[in-house]
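> Sequence:
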Amino acid sequence: MMMMTMITIIIMMIRMMMLMMMMLMMMVIRMMMIMMMTMMLMVFRTMVLMMQKMMMMFSMTTMMTTMLMMMMMMMMMMMMMMMMMMMTMMMMMMMMMMMMMMMMMISR
Numbered sequence: 001m002m003m004m005t006m007i008t009i010i011i012m013m014i015r016m017m018m019l020m021m022m023m024l025m026m027m028v029i030r031m032m033m034i035m036m037m038t039m040m041l042m043v044f045r046t047m048v049l050m051m052q053k054m055m056m057m058f059s060m061t062t063m064m065t066t067m068l069m070m071m072m073m074m075m076m077m078m079m080m081m082m083m084m085m086m087m088t089m090m091m092m093m094m095m096m097m098m099m100m101m102m103m104m105m106i107s108r
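Each step along the sequence shown adds one to the number in our numbering, with nothing skipped, and position 39 is 39.
To be clear, the hints were calculated from the coordinates, so they are not data collected in a lab. Just so it is clear, CB atoms sit at the ideal spot from N, CA and C, and this is done for glycine as well. Careful: at least some of the hints might be erroneous.
To be verified - Quick list of the computed label-pair ranges, beta carbon to beta carbon:
no. : residue 1 : residue 2 : range
1   : Val-48    : Met-21    : 36 to 42 Å
2   : Ile-11    : Met-90    : 22 to 28 Å
3   : Met-79    : Met-17    : 30 to 36 Å
With the hints as constraints, model all of the structure from the sequences given.
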């Protein structure tokens, strides 16, 4: 009887831990998303400002260069976003795997 109770308690603990981890992961993902969004906004603003400056100067070459720079920046940002997404997905997958493993162990 005592043994059974102990096992159940352990299982519960493990489950709780898993839940906590999942929650944490979600939080982290959310934070990352927010940060990315803010970064994008900031970059966009700076770009707009730069564009305005270039317009003031009104030389075609500079305009072109700025455009190119913008493109590059955007590309970089997109890449970053993709990377973050991938990372988060991987983490989630890992967690799921762990959970599955644990369940298997417990069931056995």
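> Please go over all the hints and tell whether each is borne out by the structure.
Hints, verified against the model:
no.	hint	in the structure
1	Val-48 with Met-21: 36 to 42 Å	holds, 41 Å
2	Ile-11 with Met-90: 22 to 28 Å	holds, 27 Å
3	Met-79 with Met-17: 30 to 36 Å	holds, 34 Å
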